[in-house]
Amino acid sequence: MADAAGNPRPCSRPIAVLVLVLLAAAAAPAASGGGSAAVNGDRLRAEQIRKQASDAAASAAALAAASRRLHLDRARHLRLLSSLHRNLTATLRSLSLAVASASEPASASAGDEARRIDLQANDLIRAARAAIAESKPLFDPQLKIQRLKDAIFAQNELLARAKKRGAFASLIAAKSIPKPLHCLTVRLTAERIASPERYADPVRPPPALEDPALFHYAIFSDNVLAASCVVRSAVANSHDPSKHVFHVVTDRMNLGAMQVIIRRMDLKGAHFEVKAFEDYKFLNSSYVPVLRQLESANLQKFYFENKVENATKDASNMKFRNPKYLSMLNHLRFYLPEMYPKLHRILFLDDDVVVQRDLTGLWKIDMEGKVNGAVETCFGSFHRYAQYMNFSHPLIKAKFNPNACGWAYGMNFFDLDSWRREKSTEQYHYWQNQNENRTLWKLGTLPPGLITFYSTTKPLDKSWHVLGLGYNPSISMEEIRNAAVVHFNGNMKPWLDIGMNQFRHLWTKYVDYDDEYIRQCNFAPP
169 MADAAGNPRP CSRPIAVLVL VLLAAAAAPA ASGGGSAAVN GDRLRAEQIR
219 KQASDAAASA AALAAASRRL HLDRARHLRL LSSLHRNLTA TLRSLSLAVA
269 SASEPASASA GDEARRIDLQ ANDLIRAARA AIAESKPLFD PQLKIQRLKD
319 AIFAQNELLA RAKKRGAFAS LIAAKSIPKP LHCLTVRLTA ERIASPERYA
369 DPVRPPPALE DPALFHYAIF SDNVLAASCV VRSAVANSHD PSKHVFHVVT
419 DRMNLGAMQV IIRRMDLKGA HFEVKAFEDY KFLNSSYVPV LRQLESANLQ
469 KFYFENKVEN ATKDASNMKF RNPKYLSMLN HLRFYLPEMY PKLHRILFLD
519 DDVVVQRDLT GLWKIDMEGK VNGAVETCFG SFHRYAQYMN FSHPLIKAKF
569 NPNACGWAYG MNFFDLDSWR REKSTEQYHY WQNQNENRTL WKLGTLPPGL
619 ITFYSTTKPL DKSWHVLGLG YNPSISMEEI RNAAVVHFNG NMKPWLDIGM
669 NQFRHLWTKY VDYDDEYIRQ CNFAPP
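Note that the working numbering has the sequence shown beginning at 169, numbered continuously upward.
You can take every hint at face value.
Subject to a maximum C-alpha distance of 27 Å in a straight line, what follows is the list of computed DSSO-like cross-link-like pairs (lysine-lysine):
1. K532 - K591
2. K677 - K347
3. K317 - K331
4. K436 - K677
5. K610 - K565
6. K626 - K510
7. K677 - K343
8. K331 - K610
9. K443 - K347
10. K610 - K626
11. K436 - K510
Label-pair ranges, simulated between beta-carbon atoms:
12. A341 - N558: 27 to 35 Å
13. R283 - L238: 40 to 48 Å
14. L238 - I345: 53 to 61 Å
No lab work stands behind these hints: they were computed from the structure. We put the beta carbon where it would ideally sit given N, CA and C, even for glycine.
Hey, can you work out the whole structure from these sequences and the hints?
Written out as structure tokens, the structure reads:
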């Protein structure tokens, strides 16, 4: 900033002192010999504050320079206008004298002088008008405000376009398959083809797969590495792996690779099955609304004929144009009772979670007749039903409370007996059919889940399921350490280059970097 004389106010000096103090604070923990984690944390905080102070000092210096330039411009225009005022006054005085002389008899020379002065005055008047027009923005607050508004509007337009392009680029980075992951799938599939007898399913399925006395998990994924990390983390943190059963379902294309990677793991006695969703014959377009909708020309055009320039027009809705939202692997979660008819309870896990402690305590929870046990995600006005559904539609408005609290998929404990009693799958079919033209909610599985289990969800303690490791860098490590399951929901998955480094180790410790196929595909160990 600048004072009346055009000199900058002494604002950068206190900021420089603050920077020195912060640097000293950053160095102090290292000299004290405290724990390395605390030292690193203090250094990181001090570095962040130092950067903020440095940015503030740079901004203050830029504002001071701008203020000096403005003051110099005003002073220059003030001198110019003052000079013009003096010249015009002198010219007017001379013109008055010349006109008086020209009125006397035999004063032809006086008339010529008057005409000369008149021309000189016209030149001065033109110069004065130009100077006034040039100086007006400096002295007219309304014009200055309007120009500033126009500049801000133009910058906001540029920022909005940049955000949309950035969101689109981020979406591409998040949904693209990394080369090592593609390599792993191909090599595992080749191994399955080369050694079919080694990875063949048993002729008779083991009884444990249908034993309701055991602890059953459902994992639906086409990502072989991610699914293997979920299974490995759950086994590693269970008290008695032999009592746990993992039902892994993928698609036909990834079935061989998934069978190989699961069978190569040391499951410590845990039971498992790997199937393709195509093996469940009841999943057909005559029964499943999503499969029927996927056959419609309008929906195919919405997904598969969308151009890049159109996709970037609406960054907030861009992610819903991903065809994965109509993938059966995403909607299998609504058919658990039919897939596992002899089970009473089952735990559903997404493939981007990591299990950090034994989960058998979930089977001891009294569900009170509810179907879905989930961690609620609402706080303040965020993650309420109004954010997921179209409450201007009469069907939604009549049936649901817009302020009802949302919950998260990723770790959900389902009471299948209550599910069958409440006919939840039929409810899901009803609402999915109503939303064929996408007027009730955007695409995805959470809105229909919120609707299907609207009055049949039991809130679980938040320590069971901590979310946000794929988009929120400010989650505290203490909260993560206390979590039973951590969820990398968001675009920054730990197997992608854009994953957040401060959380990636929670996932990579369950990757078997000694496996020959993982080594061959150049997965870089942490």
